[in-house]
Every structure is written in structure tokens, then in C-alpha cells.
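Asks: Residue-level listing of the chains:
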Amino acid sequence: MDNERLTERIRTLVPEAQLEENKQFLTLVIPADKFHDLAVNLKESEDTLMDYLFCLSGVDMIKHLMVVYHLNSTKHGHSVELKVKTENRENPAFDTVSDIWQAANFYEREVFDLFGIRFNNHPDLRRIFLDENWQGYPFRKDYVDEVNIVDL
Amino acid sequence: MKEVIHTPVPDIEEEEYHINMGPQHPSTHGVLRLVVSLQGEIVKSLKPHCGYIHRGIEKMCEKDTYPQIIHLTDRMDYLSAHINNHAVCLLVENALQVEVPERVKYIRTIIDELTRIQSHQLWWACYGMDLGGLTCFFYGLRDREHILDIFEESFGSRLLHSYYTPGGLMQDIHPNFQKRVKEFIKYFQKKIKDYDRILTGNVIMTERTRGIGILSKEDAINYAVTGPSGRASGFSCDVRKHYPYSVYDKVEFREVLFTEGDTLHRYYARMEEMRESMKIIEQLIDNIPEGEYSAKMKAVLKLPAGEYYQRVETARGELGAYCISDGNKTPFRLKFRSPNFSNLGVLDKISREHKIADLVAIGASLDFVIPDIDR
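Protein sequences appear in the order of chains E and R. The opening residue of the first sequence carries number 1 in the working numbering; numbering runs sequentially from there. The opening residue of the second sequence carries number 1001 in the working numbering; numbering runs sequentially from there.
Warning: the hint list may mix true and false statements.
[Said to hold, decoys possible] Restraint-style ranges between C-beta atoms, simulated for each label pair:
hint, chain 1, residue 1, chain 2, residue 2, range
1, R, N1328, E, E4, 27 to 37 Å
2, R, Y1017, E, V144, 41 to 51 Å
3, R, G1291, E, D2, 35 to 45 Å
4, E, Q18, R, N1328, 23 to 33 Å
5, E, D145, R, H1071, 19 to 29 Å
6, R, A1295, E, N121, 43 to 53 Å
7, R, Q1039, E, E16, 49 to 59 Å
8, R, F1138, E, N121, 42 to 52 Å
9, R, N1328, E, D145, 17 to 27 Å
[Claimed, not checked] Computed list of chain R residues with no C-beta within reach of chain E, every gap over 12 Å:
hint, residue
10, M1021
11, H1071
12, N1094
13, C1126
14, D1130
15, L1148
16, E1152
17, F1188
18, T1206
19, R1254
20, Y1293
21, S1294
22, A1357
Honestly, the hints are just simulated from the structure, not real lab data. Glycine included, every Cβ here is placed at the ideal spot set by N, Cα and C.
Excised from the complex, chain E in its bound form (with noise of 0.2 Å):
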């Protein structure tokens, strides 16, 4: 499927998804409570079979929060870069696409652990790089680095 009927059929099932121009991949951005329906359409449905989530990533954007999805289709070999964002620095959290790729189990561990960004439903969330008596989310713009790790 070329990205132009992708794009259709993903504004078919998501009307609200933007579309972000100039980009590498095809790039839509999901409103985050429509996000976990789409990821199933789309890994199910015969003739998009996104059937391999190769890089998931936390971003922080300082505006807000994001988590980036990169889909590929192994049959079809056609890809597509899903984002999903929240503003809600407190307590954000976005469903969990581990039932769908089991990949993202460990995607969202690592997410979790460094950006502080809950997946509802994920059937292990704990850190996995970190203590489990780390204070924050080291990977956040925001984070006060006190020991100054990074800079050494």
C-alpha cells in the first residue's frame, strides 16, 4: 500500500490523525485514546499487516511528552511512524501495545524507566535499567542530574 492510501485508511479509522509533512516515513500523529484500537486495525487487517514494530522511543519534547511508534509491514514493506503525545507531566500514560507486539514489552519497560511514562495494562511495568529506588526519570529535559553523570 503506498503511503497515500495509508494515510486514507488511517484518516478513515482515526479522522482527528495529523498528518506531519516532510518527514522520512509516513507520519501521522494519534490522539492518544484512539491509538490503541488503530495499532490492532492495522496489525490485523489483511492489506496493511504492520505485523513488525521495529523502534519505539520516548521523546521529551519539553512541550510535552511523546512516544514514537515505527511500524513495518514484512509482506507488504511498506512502513509508517505513529506518535502519540500527552502535556501531562505529572502522570502521563498511554495504553500499551505489548498485547499486540510482544517486542514492546521490553520498548516500554525501558520508556517507563527513563521518561516516567505509565502503559496501561502492560503486564510487567517495572525499570529495567535503573534501581528500583531511582528518584525521576533521567532521561527527561527537566531532570536535575545532581551527581552530574552525564557531563564527567
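Starting from the known structure of chain E, fit chain R onto it as the hints suggest.
Replies: Frame of chain E, contents of chain R only:
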């Protein structure tokens, strides 16, 4: 008389108990801790604990310029150091739309494949050792020395080279480079037959690993298991074929694919890859074009604001670099999608209901490099 108190002995055949494998266990190949839940000696479930060598490389990158970041990528998957450098170099070159000289592309491809061979040699050495064949360890390391010597002559270092720079190479290759690489290929083509004789055709090894830790193609895709481990399950994921970079589109090589997906076929996949890598080098080594070893680059590299994604095929799978730039000389955010981190996720799934000794074989066949998991 004092009454003797008998404490009930737990029946370990029935009850589930946990043991820690690692963080200092020779078969985890680094500081990885696996909490294994066992019944008797059958693995019921397994939880990996990472982070013992987490350095926050992605956060450090946010304070560093792009040429500085190259040096950090060496330290992720140190056995694929050159290929990690390649990812960041391509990212910067594509973002700035710099055309690198043909000579650079050829040299980079040859060195990437040499890196892949030496990484697989070390894997073969450790794989043999984990299964009890100590001779393999000496054979593998002996042959790997030859590549490291070639690297040392041209780049001055043996493990962490930082030889690629955005736009080209740090310096030109040593005059002996081509001659020595050709000598090595000739030498290793003989030696790889020894590898086959000692381990590939070994009845003990094949019987011990056949049908162990089977990963289906659907699971390989679902868990995003890439590299030789994924291809042994039939998941066609070779970045060199699907998204060619440098001169991979000009050389002929086969994407090694199997359908069985067990420990034995993950072994076969890597053995075949070493042969394919030698084929690639043979096609290129005599045809390195003359020219500059680096394109002209500005002193300060600033990527235009935007998002960039670049992937390369390391010895363990797909390495992705996802960069968000705000137009400064340092990236706003740089995320590395490291192959080992995804591959680790599947370990629990494929080692269930196997014996704990098989877990060692499965772990060896997935070829973990722990600093790449933790970054």
C-alpha cells in the same frame, strides 16, 4: 532426652524455585542477570535483569557533537564497533546531503564485513566453549587475531576504532591493507573447514542443539528478533538487502535464510554468513577506486531541524538510529534501537520447558553483547 526435630525436606522435583544466573556467569557473556524459575532442572520461566552496565549513552549524546557521538557508539556493541559508527555517519551524511567518495564506500563495506567475520569468530569460539568444546575457543580467537592485526595496522586500535567520521574516514588505509586482507581470506577459507570439522559435523553438538529453543517466524517478527537469529527462523530482515547502503547494492551475496529456527540453525546461519562476508570482500578488495578518503565537511556539523532514521546491519541484527534535531550542533534526542535488546526479549519464550543446560546453548546461539542491551 532431647527430641530430634525433623525439618521437612522440600521436594525439589515438585516445587518451583529460583536461581540467579549471573551477573557474573561465564555463559551470559557479560553482566546480565537471569532469574530462572526452575522445577527440577526444567526452566519454567525466566526474567532478565539488565542495567548493570547502563551508561545512558543516549543521554550523553544529547550533550555531544556528532563527531563525538561516533566514539560513544563504539561502546555499545563493541564487537560491531565499525558498523555502529557507520550508522551515525550515514545518519549525518544523509541529513546534510553529503555525497561521500566512492573509495570511502568501498572501504567501509570491506571493513564492515571484516567486522562481521571477527564478531562471528568470537561468537563461534564462545559457542563452542559454552557447549564444552574448549578447543573452539582457542581456534576462534587465534583466527580473530589476524583481523585485529589488520585493524591495528590501519587504524591503530584493536577493539574500539572510531575510524569512520561523518563524511569519510579518519585517515587512509595502510598500504598493506589490501594485501593482508587477501592473505586473510585465503587463510580463513582453509580454517573455516576446520571449524566445520570440529563443531558443525560434530554429533554431540548437533544432537544437543537440534530442536532446542525453537523460534517460529511469526514470533521472530512479533518479538522483533533480527540478525542471524531472526533469519534462522525465516524472517527476511537483512538491512543490507532491503535497505542497501554503501556499496551493498553492487555486490552479490545471499541472504542466509532457514526455516527451522532452532539453536542448531542459528548456528548454521552464522557459519554461512561468514562465508557470504568473505564473498563480499573478495568482490571488492581489488576494486577499491582511487580518490579522497573523506568528503569536505564543515568544521561544525549542524543537522537541519527534523527527524532522521538510519539503519544498518550489525553482526547481531538491525541497528537503528533515530535522531530528532532542532538545528543545533548536538542532537535533541538520539535513540538507538539496538538489536540485542529486542533479541533478549524472546529468551524467556524460547527457553521454557527446556533443561537449564539447554538455556546455556540457547543463550549462546542468540549471541548477546550486554553493553548493547544496556547502552
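Asks: Are the hints correct? Go through all of them and say.
Replies: Hint-by-hint comparison with the structure:
no.: 1; hint: N1328(R) x E4(E): 27 to 37 Å; in the structure: holds, 34 Å
no.: 2; hint: Y1017(R) x V144(E): 41 to 51 Å; in the structure: holds, 42 Å
no.: 3; hint: G1291(R) x D2(E): 35 to 45 Å; in the structure: holds, 38 Å
no.: 4; hint: Q18(E) x N1328(R): 23 to 33 Å; in the structure: holds, 26 Å
no.: 5; hint: D145(E) x H1071(R): 19 to 29 Å; in the structure: holds, 21 Å
no.: 6; hint: A1295(R) x N121(E): 43 to 53 Å; in the structure: holds, 49 Å
no.: 7; hint: Q1039(R) x E16(E): 49 to 59 Å; in the structure: holds, 50 Å
no.: 8; hint: F1138(R) x N121(E): 42 to 52 Å; in the structure: holds, 50 Å
no.: 9; hint: N1328(R) x D145(E): 17 to 27 Å; in the structure: holds, 19 Å
no.: 10; hint: M1021; in the structure: holds, 18 Å
no.: 11; hint: H1071; in the structure: holds, 14 Å
no.: 12; hint: N1094; in the structure: violated, 9 Å
no.: 13; hint: C1126; in the structure: holds, 23 Å
no.: 14; hint: D1130; in the structure: holds, 24 Å
no.: 15; hint: L1148; in the structure: holds, 29 Å
no.: 16; hint: E1152; in the structure: holds, 28 Å
no.: 17; hint: F1188; in the structure: holds, 32 Å
no.: 18; hint: T1206; in the structure: holds, 29 Å
no.: 19; hint: R1254; in the structure: holds, 19 Å
no.: 20; hint: Y1293; in the structure: holds, 28 Å
no.: 21; hint: S1294; in the structure: holds, 25 Å
no.: 22; hint: A1357; in the structure: holds, 26 Å
In the structure shown, a violation is registered for the earlier hint numbered 12 alone.
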